[in-house]
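K.L.:
Residues per chain, in single letters:
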Amino acid sequence: MAVSVDEAVSTGPARDHTPPARRLGGRGRSVLEVALLTVLAVVMLFPVLWMIETSIKENRDVYAIPAKFFDFTVTLDHYKDVFVAPDGTRSALSVSFLNSVVVAGVSTVLATVLGVPAAWAYSRFAVRAKKDQLFFILSTRFMPPVVVVIPIFLMYRQVGLIDNKLGLILIYAAFNVPFTIWMMKGFVDEVPAEYEDAAMLDGYTRLQAFWKFTLPLLVPGIAATAVFALIFSWNEFVFATFLTSSDSVRTAPPAVAGLIGGTTTDWGLVAAASVVFALPVLVFAYLVRKHLIAGVTLGAVRR
Amino acid sequence: MAGIEVTALHKRYPDGTVAVDHVDLSIGHGELFVMLGPSGCGKTTTLRAIAGLERQTTGDIRIGDTLVNDLPPAERDIAMVFQFYALYPHLRTRDNLAFPLRAEGLPKAEVHKRVDEAARLMRLGPLLDRRPRQLSGGEQQRVALARALVRRPRAFLMDEPLTNLDAELRADMRTEIKHLQGELGATMVYVTHDQVEAMSLGHRIAILNKGRVEQIGTPLEVYDRPASLFCAAFIGSPPMNLIDVEVADGNLHGQGGLVLTPPPGLPRDRRLVAGVRPEALEVTAPGAEGSVPARVVSAEWLGDEIIYVVDHSGQREVRVRMPPTVRFAADARVGLRHTGGTPAVYDVSTEELVA
Numbered sequence: 001m002a003v004s005v006d007e008a009v010s011t012g013p014a015r016d017h018t019p020p021a022r023r024l025g026g027r028g029r030s031v032l033e034v035a036l037l038t039v040l041a042v043v044m045l046f047p048v049l050w051m052i053e054t055s056i057k058e059n060r061d062v063y064a065i066p067a068k069f070f071d072f073t074v075t076l077d078h079y080k081d082v083f084v085a086p087d088g089t090r091s092a093l094s095v096s097f098l099n100s101v102v103v104a105g106v107s108t109v110l111a112t113v114l115g116v117p118a119a120w121a122y123s124r125f126a127v128r129a130k131k132d133q134l135f136f137i138l139s140t141r142f143m144p145p146v147v148v149v150i151p152i153f154l155m156y157r158q159v160g161l162i163d164n165k166l167g168l169i170l171i172y173a174a175f176n177v178p179f180t181i182w183m184m185k186g187f188v189d190e191v192p193a194e195y196e197d198a199a200m201l202d203g204y205t206r207l208q209a210f211w212k213f214t215l216p217l218l219v220p221g222i223a224a225t226a227v228f229a230l231i232f233s234w235n236e237f238v239f240a241t242f243l244t245s246s247d248s249v250r251t252a253p254p255a256v257a258g259l260i261g262g263t264t265t266d267w268g269l270v271a272a273a274s275v276v277f278a279l280p281v282l283v284f285a286y287l288v289r290k291h292l293i294a295g296v297t298l299g300a301v302r303r
Numbered sequence: 001m002a003g004i005e006v007t008a009l010h011k012r013y014p015d016g017t018v019a020v021d022h023v024d025l026s027i028g029h030g031e032l033f034v035m036l037g038p039s040g041c042g043k044t045t046t047l048r049a050i051a052g053l054e055r056q057t058t059g060d061i062r063i064g065d066t067l068v069n070d071l072p073p074a075e076r077d078i079a080m081v082f083q084f085y086a087l088y089p090h091l092r093t094r095d096n097l098a099f100p101l102r103a104e105g106l107p108k109a110e111v112h113k114r115v116d117e118a119a120r121l122m123r124l125g126p127l128l129d130r131r132p133r134q135l136s137g138g139e140q141q142r143v144a145l146a147r148a149l150v151r152r153p154r155a156f157l158m159d160e161p162l163t164n165l166d167a168e169l170r171a172d173m174r175t176e177i178k179h180l181q182g183e184l185g186a187t188m189v190y191v192t193h194d195q196v197e198a199m200s201l202g203h204r205i206a207i208l209n210k211g212r213v214e215q216i217g218t219p220l221e222v223y224d225r226p227a228s229l230f231c232a233a234f235i236g237s238p239p240m241n242l243i244d245v246e247v248a249d250g251n252l253h254g255q256g257g258l259v260l261t262p263p264p265g266l267p268r269d270r271r272l273v274a275g276v277r278p279e280a281l282e283v284t285a286p287g288a289e290g291s292v293p294a295r296v297v298s299a300e301w302l303g304d305e306i307i308y309v310v311d312h313s314g315q316r317e318v319r320v321r322m323p324p325t326v327r328f329a330a331d332a333r334v335g336l337r338h339t340g341g342t343p344a345v346y347d348v349s350t351e352e353l354v355a
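Sequence lines, in order, name chains Z and C.
So the first sequence is numbered by full-length UniProt numbering: it starts at 1 and just counts up by one.
So the second sequence is numbered by full-length UniProt numbering: it starts at 1 and just counts up by one.
Heads up, a few of these hints could be off.
To be verified - Below, computed lysine-lysine pairings styled on DSS-like, alpha-carbon distance capped at 25 angstroms: (1) Z:Lys80 to Z:Lys68; (2) Z:Lys130 to C:Lys210; (3) Z:Lys212 to C:Lys108.
Derived by calculation from the structure, the hints in this document are not laboratory data.
If we strip away everything but chain Z, and leave its shape as in the complex, we get (with noise of 0.2 angstroms):
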């Protein structure tokens, strides 16, 4: 979402620099820009507002009709549900929050510290069938995660992982490892092999001579693509769903589902439950957005 935001962003004033004469319709085309990108900001942007707004009404607001769209009275009673339950102590919804910053935590570490040094690895040496070792790790992300749900489920029955946090945190860095590996190399592979060869001419081992002159230097694209991996695993929700069942292993996606459905559902609380769970992960796509643009460009070259 940032990346498509700045992209929208910095594709005016780059419009501004084309000669007049190859405006077609100038002033007639500059307007219909204009409109198309309002109607698709309204778009994109009023099912956010919209959950923004739910977040706040009070229950009475949220099914009046006509829908009230200003003229409502502002409570924070939703987002108290979200940590608090009723009788005051940890909300079923809190601890599922918790389990998401661990279980994508955990994960997208797990992904890098494997990932990194593989794709320095697969950039530096000159490895057999290094080709096709490549292409095999990037097919495994071919087929949709879904369809290997069954199996994975069936496979993890057998070795007690079902409803297990550490079942979800594997899952998660297997399908992240692929990746990290693929956008990782690209950003290896700008780091001449030099600093590594003088370094291990001064005296350290090759594993040194990586860690202490290579890395630092990968630190952007590590940046990018820990964060692409964060992304995948907070927001993953079909594994949560089949491979997790008490409260106290869910992720966030599957418990915000779950407040659906019933007899009621209480959408002042899913609408405060989804804002908490949207927010971390905007937050920290905005903070490091620009690694993020520099990664998915460098990864379209590189690819």
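Chain C: place on chain Z using the hints.
P.N.:
Only chain C this time, still in chain Z's reference frame:
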């Protein structure tokens, strides 16, 4: 300083590529030894094997009296300068120079002394507090050279150190490296694909092709008597003319009646090719004594000389180097005459020098 012995070096990568097929080198103490060849000939791999950055598949490498096959790069007591200068980007010049010394654990005063010395030698005074990013290419390469100097290694390895510099700076740095090498009496192995660099720098040149040594010799030897057809075509700009010849009446006869002085000991009954440098031929007025009729195909006016491309007997393009005062128009009828001494003669089937 020490000599370097490379014996039967062979390097095969896990993916099956043979980078070095068979290389034997004997580099003398205090020698500036150049490895020259087209890209992919194995010169850089050989250098990296000497440095210890690649482990050879088979073969031995000795630096001085030490067999270094299994020593890590740092323990071989060598310094290397890279095409991409590989200065640590986060360190100032001063610290880049001191880095290898600190890694060795030398006392502070000694580090300081050696850095100052190298900085003076390479005239780096004003650059000492800058980072690599703030230096020009030439300055970075001087820092890289100084960083190699401070270690006082037994040998210097240079991997195309001037390739990334522009032409003028390259000539300056060439002089500087040669001067430095002479002053220090350093053993230096220098890899390049640029024959001008090789000719002007090297005490001896090894020409490599497809992972093998084609010829080792002084620049003059390599220029005058290339050991193989590959060397003949590789060295010299424009390269040697390769003229099919036959031995008859005690002379070498090329196509269209061109007569060359034969070297002694020519084998009969084999197809031969003579390598004739462009300056060993002469374009004359048509019908001049000893000349064969020819036609000017084109002329390259280089200012200090003219390279004529001529056909004789309607056959092949022969390149002739002439002073700029001798002028013929394109398409003019001229004479072609051999003026040099005995040419190098090659066997067509083995592609090697026979006499």
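K.L.:
Indicate, hint by hint, whether the structure satisfies it.
P.N.:
Hint check:
Simply put, Lys80 of chain Z and Lys68 of chain Z have alpha-carbon atoms about 22 angstroms apart, close enough for the 25 angstroms limit, and the pair holds. Of the pairs offered as hints, the one joining Lys130 of chain Z and Lys210 of chain C holds, with about 23 angstroms between alpha carbons and a cut-off of 25 angstroms not exceeded. Distance check on the hinted pair: Lys212 of chain Z and Lys108 of chain C sit about 22 angstroms apart at the alpha-carbon level, within 25 angstroms; holds.
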